[in-house]
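Engineer: Those protein sequences? They're chains R and U, same order as listed. So in numbering that gives the first Met the number 0, the last one in the first sequence is 279, and the numbering has no gaps at all. So in numbering that gives the first Met the number 0, the last one in the second sequence is 279, and the numbering has no gaps at all.
Derived from the structure by calculation, the hints contain no laboratory data. Hints are not guaranteed to be accurate.
[As the list claims (entries may be wrong)] Cross-link-like lysine-lysine pairs, in silico, PhoX-like; alpha carbons within 20 Å at most: (1) U:K168 <-> R:K55; (2) U:K150 <-> U:K172; (3) R:K150 <-> U:K54.
All of these numbers come straight from a predicted model, not from anything done at the bench.
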Amino acid sequence: MHVGVAMFITDYSIAPTALAKALEERGFESLWLPEHSHIPVSRKSPFPQGGDLPKKYYDVMDPFPVAAAAAAVTMNLKVATGICLVPQRDAIQTAKSVATVDQLSNGRFLFGVGIGWNQDEMENHGTPFKKRISVMRERIEAMKEVWTKSKAEYHGQYVNFDPMMTWPKPVQKPHPPIWVGGGLPGGGKRALQYGDGWLPHAVRPDYRLLDRLDEWRAMEQEVGRSVPITPFGAEHDPDAWPAYREAGMERIVVSLASESAEEVLPKLDAMAAGVTRVRG
Amino acid sequence: MQVGVLMFMTDYALPVTQLAKELEERSFESLWIPEHSHIPVSRQSPYPAGGELPKRYYDCMDPFPVIGAAAAATTTLKVATGICVVAQRDPIQTAKSVATVDHLSNGRFLFGTGVSWNRDEIENHGTNFKRRLSLTKERIEAMKEIWSRSKAEYHGKYVNSGLILTWPKPVQKPHPPILVGGGWPHAAKRALDYGDGWMPNSVRPDYHILDKVAEWEAMKKEYGRDVPLTCCLAEDDIDKWPHYRDAGADRIIVEVQPDTADKVLPQLDRLAKGLERVAG
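Isolated chain U, as found in the complex:
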């Protein structure tokens, strides 16, 4: 089982180039970068995890340049959006951003995606909140056309483009793996519908992901499709990690808070001790 680290990159965290190198040196598999483009003061959607929206949600950098920098500082670490809010982004621009970071990393990019939950943020990008699921699906389908065809076109309800030409195509063929974020059962269905992996949060107010693994296995059988399971925001407790491996998870992602190197590096040292236990 692989272990990745997620951090909201801010201007009060250690530089992402340093974080990426420290992760690679300690044999973590991947670095995951979330995004929120901004937070409207109106705050129409409560924070799904409960309580006040944490400060880091206001402060996080654009994941694509952050990943470009992280890739430049490393050679084997995978670099990932975790997650990219596709419903807030132009699909032609995003297809280009994804192909670009896949090149800058020489095929080490993982495209974590999600439909998001923050209504007024999404609406400031011209997206009707209620349509975000269908819009995300169409945008991902359109991006797959762009990544895999010399002349791409897409004609959907929300995305509509005549024939276009654009390179570079991604290094990974046909495109970087698309991991679909979100909870049980809806996001799991979306992952099987158009994704290359499912990436739910591990600990939710109403259930733990490991309690849903049997149902997930049944759903995959029903769909006749198998995609890997990445358990996001797993516990910062290496004693819990073997449960994920034993349940058949392919990867866990642990969040580390955006903090200075003197705070982050001891935490990475502690977490790195768990890697061997879940290796293989």
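Chain R extracted, bound-state conformation:
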């Protein structure tokens, strides 16, 4: 089982190039980059994990250039959005961004996606909050057309374009793996519908992922499709990791605070032996 690290990259955290190198040196598999384009003052949606919205949500950089910078200083580390808010982004531009980062990383990009939860943020990008699930599905379908066809077109309810041409196509064929975020049952269903993997939170206010794997297995059987799971935000304590491996996970992602190198590197050091242990 692999271990990845997620961080909201800000202007007060370790530089993403330094973080990426430190992760690769210590045997971590991947770097996951969340995004929020902005936070409206109106704050219509409460923070799903409870309490005030943490400062880092206001401060996080655009994940695509950050992923590219991380890829530029590493050889093997995978770079990932975790997650990209697809309902807030133009499908044609995002298809180009994904293909670009996959090229710059020579096929090391993982495309973590999610529907978002922050109503007024999303609406500032022109997407009605209640339509975000359908908008995301159409945009993902449209991007798959763009990535795989010389002449791509898509005619949906929310995304509509006539035949067009754009390159580069991604290095990974047919496209970088799409890891669909979100909980049970909605996120799980979407992962089985159009994803290549499911990226749920490991620990939620109301349940732990490992306690609900039976439901997920039943869902897989019902849909007739199986995709790997990456629990996101797993415990920092490496002693908690073998339980994920034994439950069949191929990867977990540990979320670190947006802190300076002096604070982050000792935490990575403390986890490095655990990374080796679960990698087997």
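Fit chain U to the known structure of chain R by using the hints.
Structural biologist: Just chain U now, kept in the frame of chain R:
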């Protein structure tokens, strides 16, 4: 006078990290990355330079991740969009992308912008082609609010947002220089209206930019504002460069075709011989 190099970055060009390092080693000032998100098959707008639209227009990568990678590989080279089609991009996302690459480069980003000419490409991003000038102006004004205020808002005809919060703010204050692309006289007016520099193409079917410099000087006087002149797509002939310096240009940009290192590096060696002649 400074000299920069422009390249449409494609998957058949040398890697941008290598290009950036080679430019920095040879004392070029800057690297300029154009963009086209895609080319619709309908091809409603003829190519302004005449003839068929060149292949590289279909193939160029997203400039923001490309710049993130170039910045990671260098320490003094300036990195720039040349140009970014603002009318095709969401201003809140683009403000974040600009601030991000300004941080990744530690203040080495130049924001080249343009209104573009390719009707069906623009329209696939939801922009009415005839409104692209006003839309570009409003988006740039909105981005300036975002970059410079803790709580930003903008209420225009096309861009409308209540108070929002987003960081990081750019390293360069109040924001990275905005260079306005386009021809004489309209783009020159736009540059004086909302830009920090004018960036016309040097050689056009109907005139050479150096024949317009006297009128440009008069226009600046009339506006009571002075902004630098960057002559884009200058000749690949170092004997012509001193004319630009003598006419008072602050920077020229020479296009190098997206090709492999064995083709590009000898060209850079040849062009580098012109740098000394126009230095100072």
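Engineer: Tell me the hint numbers this structure goes against, listed in increasing order.
Structural biologist: As far as the earlier hints go, not one is violated by this structure.
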